[in-house]
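Peer 1: One line per chain: the protein sequences are X and P, in this order. The first sequence: position 80 = 80 (the working numbering), numbered continuously. The second sequence: position 94 = 94 (the working numbering), numbered continuously.
Read the hints as simulated data drawn from the structure, not as lab findings. It is possible that some hints are incorrect.
[Unchecked claim] So the derived list for chain X, only partly shown, Cβ under 10 Å to chain P, looks like this:
1) 52
2) 54
3) 91
4) 108
5) 109
6) 155
Just so you know, even glycine gets a beta-carbon here, dropped at the ideal spot from N, CA and C.
Chain residues, written in single-letter form:
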Amino acid sequence: MAEPLIKLSGLTSGYGDVQVLWGIDLEVREGEIACIVGSNGAGKTTLLRTISGLVHATGGSIIYDGNDILRAQPDVVVGQGIAHVPEARRLFRGLSVRDNILLGAYLRDDRQEILADLELIYNLFPILKEREKQDASTLSGGEQQMCAFGRGIISRPRLLMIDEFSLGLAPQAVERLSEALIEINKTGITMLLVEQDVITAFEVAHYAFVIETGRVTLNGSTKELSDNPMIRQAYMGI
Amino acid sequence: MELQILANGIVLGALYACIAVGFSLVWGVLNVINMLHGSFIILGGYITFFAWARLGIHPIAMIPVAGMILYGLGYMVQRGVINKVVTQPVLITLTLTFGLDMILYNFMNVVFTATPQRVTLELGSFDIGGIFMPWDRIVSMLLAFALTGLLYWVMRTSRVGRAIVAVRMDRDAAALMGIRVDQIYAITFGIGAFMAGAAGAVFAVVFPVTTNLSGLYIGKAFVVCVIGGLGSVPGALVGGIVLGVIESFAGHWLGPQHAITVGFVLMLILLITRPSGLLGKKGYE
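For reference, chain P alone in the conformation it holds in the complex (with noise of 0.2 Å):
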């Protein structure tokens, strides 16, 4: 039992690492609470289940595809609206991308309606030594792990990689290297949102598409980037892995509907005791 349970709860850390990685970058770089990544993520699900209900494409193929529309919505509004007030205090930007998130959402639900949509793709399901575990499920994991890995590979060993921990380090000597510093934000701010689209295509598979998750989505970025550590692919790896286990084994013991107050508890008991986060000392990557 508590072998499934651990399962269930890794799962769930895979797709939580997802969601987080792209807010957790903007935010550690951009310094920008970036509140439309949950709609971001509902747009990559929408774009997503449109193309596999309409035409009939596979919704693995639409994670790229997801991906790159949301990188150049990202990268518009990063270089057209939130460059303007980038080095103003936070709640500045919060405050924007709190309004700029109000028209996406409301605009999502005139357009798609609020009724939740959902991607079928009846894969079944298998049985190894007692854990129970949909197929859907593990292919949505392993493609969560997936675009965390790529996100690290490419802030790792890419030029682009090098220059956005760089600004993130020191925007004046960055600049003072040639590097573009407004650019660098935009594709950064790209590069989030890239995330967040590819994971709307991967939760597509298991989670219904509706605007009614975004808040959820965005309290889960939260968490994870809390426990995890700003900024870091390996911190949010970490912390949705934490949040997923420790949620699951929450929602067995004191029941379901008490598993995301143990999220919060634990990220409050993490801001008083460690505010860095798990990793979260220098995991610039």
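Next comes chain X alone, as it looks inside the complex (with noise of 0.2 Å):
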């Protein structure tokens, strides 16, 4: 099989003397949408900040690509090309939709090509270049996880990291945005996604990984874990 892009090995991390990951191992195959789930407090968020260097890992290794981006600065897991759609989707009150997404390109340099980027996410989410100019803070919540994503996609990463992008939205924007994900997955952009919500996690993504309080315990293809009938009680209420 090949190289997975990126692949954890015993990593550790937390904050301050709280310690929140305990060795977690786990790898993402090229092309491929894997999801990590778990309940509150296992260590899902803190998982992804990890990778993007905001919270210092204290030990194990991150292999993205073939390079060890362990102790490496947000700003260099960025130009890997590892983009990060942050929980609450955390986009910048008082700035436009079209500024927002912008600002995912902020490391890139290529303006000619950025503006066709940002016309293929308004294709993508044409609700967003109707509201170019509006306030991101004024759009709806699917709407701004949809600014989230455009945000993210235009830094052309190889790897997205979602963080519960189901939260708090409506079941329609639910199924609009599980099949967007699938839509920009099949444009070479391989997934790790974090959700509290297994099911709409296991409808989108190939593989899966269990975590429970910082460690890995059960993985597997998504379709193997749904007839788990651990996953099913213990996660998806059936």
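The task is to assemble the complex, starting from two chains supplied on their own in separate frames and drawing on the hints.
Peer 2: Here it is in structure tokens:
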């Protein structure tokens, strides 16, 4: 099998004296959509923040495209092709939708290409084009999430990490966004999703990792795991 | 008579705005109350004065030079010192910049002495419709407006301006865009110092250059920020002009000795009734 695009081994991390991740082993293959599921406080968000360099890892390794990026600063991580759409979207209030998306291209300097990519994003989410001059904070939750996706993909990532995109959104919006993610994946972008909503995550992703208190306790294809009685009972409520 | 007072107030207000924009930017973006700002202005003034007195360089030509020298100084101070504690509570950074200010202030006192210096341009004055105004005041007002406008333009249109706004809004999300937050902090502080240095050069034409004025300048910057709202160029402009005009009228009606008191009373009233300032809602530019 081909080398994974990203491979975490024995990753440990936390905030000050509080250790959150206790040795995470995980890998995502190129072209795949992987998801991380688990309950609140399991360390899912911390895991993404550690990969991004927002939280400093205390041990282990993160091999991305052959390089160890364990100690890389966030700008280096973005520059290497990893985009992170944070939880709760975190759009820049007071800036327009267009400016928010363009900030995602901060490290790029090919202006023509950036504008072409902006058009692609507008094609994917036409509502963003309609609202491009509006303050991003005036959008609905689902539209804000579209804007956040756009801001992530305009950096032309190879790996797109998305934290809890479905949180607090109406089911139709989640449905729409899930379809968009599959579309984005078809353009060749590998994805790592973090989700509390296991049903949604399993609909979108090919492969899943279950995290409990900072450790991966189960992993497998989403097909396989959705037949696992333990998962069905604990996370899907079936 | 009222027109004359109004005109005086607007001239004064333009200068106040010019003092305050850099201070406001640093406070708004870094959450650092830069106690060095007053001394930065004085240093810009001394650079301008000595270039004029010793080398015969016109003060207006010194505006960008003083600005750039102060930018370099500000960038290094932020990068080397303040960035180490920038995420700490505001009292820590306030104490730090206060200490740095004591060093710079006393350094200038020793090297330049406290004797006020003055650039005299002898541009004459004019009189229209009963308003009497020296030309040097008009020139400095226009320069103050131009500098304020320049900052606004840079913040609105440049890549770095957008990055500064993003860092101000949400530093983690900005970092995820690939923005180097510590570098943006240093640049922002540098821009604040640039504005101080340039303001110092403008002021050298109309006010004496002396370290004694450092405290007065920073006091004005404070009041203007509270009136106009933090971190916004239009806010500083409005705050500056409001303060200038009010002080000018207060000086006329109540006597010049009360003008400063009125400014601070206004600040207190606004702090109680409208703590985010007149324009301080979404003016993030």
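Peer 1: For each hint, tell me whether it holds in the structure or not.
Peer 2: Now for the hints, and whether the structure bears them out:
1. 52: Holds, about 6 Å.
2. 54: 6 Å, holds
3. 91: 8 Å, holds
4. 108: Because about 9 Å separates residue 108/X from the closest Cβ in chain P, which is inside the 10 Å limit, the hint holds.
5. 109: 9 Å, holds
6. 155: At 7 Å from the nearest chain P Cβ, residue 155/X passes the 10 Å test, so the hint holds.
Hint violations for this structure: none, all hints satisfied.
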